[in-house]
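Visitor: So the chains spell out like this:
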Amino acid sequence: MTALVEARGLVKHYPIRSGLFGREAGRVHAVDGVSLRVEKGETYALVGESGCGKSTTGRLLLKLEEPTAGEVLLDGKRVKRLRGKDNSGFRRRVQAVFQDPFSSLNPRLDVATIVEEGMLIHGLYQRPGERRERAAELLSLVGLSPDSLSRYPHEFSGGQRQRIGLARALSTGPEFIVADEAVSALDVSIQAQIINLLEELRDRLGLAYLFIAHDLAVVRHLSHRVGVMYLGVLVEEGPAEEVFTQPLHPYTEALLSAIPDPDPKAGRKRIILAGDVPRPDHPPPGCRFHTRCPRSRPACREGEPAVVKPSANRMVRCHFLVN
Amino acid sequence: MPQTDYATLTPSSPPRLRVEGLGVAFRVGGREIPAVEDVGFTLATGETLALVGESGCGKSVTALALMRLLPPSARLLGGIAELSGVDLLGLPEKEMRRRRGQELAMVFQEPMTSFDPVYRLGEQLLEAIYAHEDVSYPVAYNRVEESLAAVGLPDPAGIIRRYPHELSGGMKQRAMIAMALLENPGLILCDEPTTALDVTIQAQIMELLARLRDERGLSLLFITHNLGLVAGFAHRVAVMYAGSIVEVATVEDLYSQPSHPYTIGLFASVPRLEGGKGRLVPIPGVVPPLGDFPPGCKFANRCRRVAQLCREKRPELADLGNTHAVACHFPGGDDDRTG
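For the record, the sequence lines run as chains A and B.
Straight run, no breaks: the first sequence in the working numbering ends on number 323.
Straight run, no breaks: the second sequence in the working numbering ends on number 1339.
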């Protein structure tokens, strides 16, 4: 079966330049061989700590960055380098919602212009009246009153701005939305409103999401499948229910145990990892997690762990699996 | 995380910190806008009180008022804040300056911006000692080294020579805590100390704070928006909404029997790691803008239980017994939790 969106062996290295002639002094290994598939109507969550490469992976899937190696496929067809006019319909079918609802909307444009811009670029409606009508529809779809059209972003709260961002993403009728920390900047009572909205839209419009987040409780609530990244590598992948109840990689296990749970009686086992994430310009040899892994053995320092598939829909990269 | 048994703390001894009727307003365009209204609480020796609430609820402003570090646009409307029997709010600036660091200190959210980027960490920590004491360089240097070791930083002598940008976020927050501990204050105000950090690093810092608190009998005022973080760490919790404390209780009581509709709503809004997949129950609407508070209950416009009385009269914090207090005309019950 062809996935809606697929990443094959995505690699992104950024050169570190120094000196008078910009000699390449090193390379930041932001993403180092990530492959994943997102099916129609599915929410795939990418989790991990800052600098693990989850946002870069999102940008590569959006074709906002060109990969150093690897490719992105839409409906099984390879997406070519996008430059200028996009004839493949990729930009129309794939949209994004970003983290910061304050900097992701142009403060000089009114809401109508923001929401209609995508339709205009893709020539979706011929008459301005039709675009305006559609923009009003989209606003009520995301829970804003249509008279917001003539207002400016600064007149809205963070949660409302995130709704505008969603209306803008939906304006081209996309099938796949990359939501990069789309609810992280919001207060919990507002966050819940946006999470519910994302779910409603997914069910109503059959959208697929790549949901990039560091809040694992939100991820478990919202997603079907989860990929856990560490230092540019996908270390574990599987159905959300299974990964959360039975993590196989020691990093996933530690990450889950570090989440504070709002129940004083829960008394979950805690694993506190020592030290910091190593620098991505010098990833450690062997398994990238061995410097912080509570189960590290000599073999972990030598060979990079191979992909293990304990069941049809799970993947893990570790020499010594949890149990 | 080690759990201190709150019951063993002696409630008969006078609290280390007692705050009453604290009010702060900001001057904006010729208008005075209240940000904190009639806030009061106590904090015993060795106790941790968490101040929980969403952005703009006044939790940080409360801490800054106690430190007397409010920005110039803010005005103290009144109240007292007694630390070991002395009202901090009435002290002359010179006296207050001595107490900052020696009796109370603050750890801020942003370890990235809390240090001066152009000075080595050692110089900044030494300066904090010299500001209070006339001691020789070797004495001060040793104390800095000890403090850095106490917060679990490897190679303290090396850290002293480093610039802030050379440390990771977690290490910087450790250095910040080391700086707060230099003069051995009994009260530390922590303003979202782990919010800017990754979860695995957050777990390290929380473990460190719990250890230091238990070893040294520190009183902590722990400000956060994260209800989960508080559960395994604080003894009591005060929930703030739109500038006021709406509920205060021990951690166990608050989590098992939240009584203010806002607290109940907060719990229903948070997705649970162990929880099911059902839709979350968000709190409808938004917080009323500062300066536009209704005459009655400030939560009335978002509350499912709202009645005529709520729109007319502002509820006061009233004791439900067992040190559980709530500011609501119709407190208790969680029958509206599901919808």
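No wet-lab data here; the hints were simulated from the structure.
Treat the hints with care, as some may be off.
Looking from chain B toward chain A, a few residues come up when the C-beta cut is under 10 Å (computed) [what the hints assert, rightly or not]: (1) D1134; (2) V1135; (3) V1139.
Pulled from the structure, derived: some chain B residues nowhere near chain A, Cβ distances all over 12 Å [said to hold, decoys possible]: (4) G1053; (5) L1077; (6) R1216; (7) R1272.
The beta carbon of each residue, even a glycine, is placed where N, CA and C say it ideally should be.
Visitor: Under the constraints set out in the numbered hints, which ones does this structure not fulfil?
Guide: 1, 2, 3, 4 and 7
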